[in-house]
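Trainee: Could you put the whole structure together from the sequences, leaning on the hints where they help?
Chains as they are written, first to last, in the numbering used here: chain A, 2 to 194; chain B, 85 to 154.
It is worth saying that the hints were derived from the structure and are not from the lab.
Everything hinted at is true.
Quick look at which bits of chain A chain B covers, simulated, 3 or more residues with Cβ under 8 Å:
{"#": "1", "stretch": "16-23"}
{"#": "2", "stretch": "118-127"}
Derived DSS-like pairs (lysine-lysine); straight-line CA-CA distance at most 25 Å:
{"#": "3", "chain 1": "A", "residue 1": "LYS148", "chain 2": "A", "residue 2": "LYS8"}
{"#": "4", "chain 1": "B", "residue 1": "LYS89", "chain 2": "A", "residue 2": "LYS148"}
{"#": "5", "chain 1": "A", "residue 1": "LYS128", "chain 2": "B", "residue 2": "LYS133"}
{"#": "6", "chain 1": "B", "residue 1": "LYS114", "chain 2": "A", "residue 2": "LYS168"}
{"#": "7", "chain 1": "A", "residue 1": "LYS4", "chain 2": "A", "residue 2": "LYS37"}
{"#": "8", "chain 1": "A", "residue 1": "LYS128", "chain 2": "A", "residue 2": "LYS148"}
We treat Cβ as the ideally placed atom computed from N, Cα and C, and that holds for glycine.
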Amino acid sequence: MNKVYEKLSKTVVGIAGTGGLGSNVAAALVRNGIGKLIIVDFDVVSEDNLNRQFYFFDQVGRVKVEALTENLERINVGVNIEAINIRLDRENIEGIFSEADIIAECFDDAEQKQILVETVLSRMGDKYVVSASGLAGYGRGNEIVTKRISERLIVVGDGYSGIDTEKVLTAGRVGIAACHQANAIVELIVDEM
Amino acid sequence: MGRIKVNGVEKEFGAGEFPFNLSELLEMLKVDSATVVAEIGGDIIERSKFSETVIEDGDSVELIRFVPGG
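Mentor: This is the structure in structure tokens:
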């Protein structure tokens with residue numbers, strides 16, 4: 002087997018939040034043959050998610066992690082997915098992602114982002130976290146970049162475009178950020194693991 | 085007089101301004117402590133310890149700020 006795919010097939014990635022970022026990061030990693038995904042969210046699919054998230058109209062009202070598991074299995078029927086329908090917090094992050102090598106921070110809420118990144122960096126010594134900040138609005142696609150902040154932290158985004166100021170989230174811009182995250186995760190796996 | 089670095093940029097403070105803690109630094113910078121991950125000299129400071137973490141002359145502070153959207 003090609004060395005890239007061999008490494009990907011042995012890696013476990015945690016997806017914290019399965020909205021616009023997480024559902025698309027998961028799809029990209031499944032297409033690349035990731036070994037296992039631990040997908041975590043507490044939400045259900047709503048109609049206004051469909052402008053950017055990897056769900057379908059007939060899934061509105063369904064538990065997100067269950068609907069996403071079905072969609073990922075339609076890409077690769079043999080994919081290994083652990084779906085957990087729970088709200089992540091400071092107390093349960095460590096246990097839920099104990100098996101993961103890398104965790105993708107894919108939340109919407111800024112405080113949730115802070116909690117996830119801080120917990121991984123301060124309490125989960127051997128794990129990487131790939132986060133996203135600044136992807137709301139439209140256009141300015143080339144302002145979205147991947148930055149290596151420190152040994153175990155990568156942040157993608159433009160760093161300033163929040164939903165609070167930009168008012169909209171669009172499939173293109175959120176998708177660019179999600180693909181930056183998936184791309185950074187593949188690079189970590191292939192080059193550093 | 086003393087100097088610290090915040091995200092690589094030097095900031096000067098008068099002798100009488102030290103010491104201050106990380107919470108006070110974030111207030112001075114108008115940064116919401118609920119949406120920032122902080123490192124001092126490469127070590128992560130948990131948010132619950134911001135107000136007891138003293139900033140000293142020569143410290144290098146990294147602030148990673150998160151904006152909502154996903």
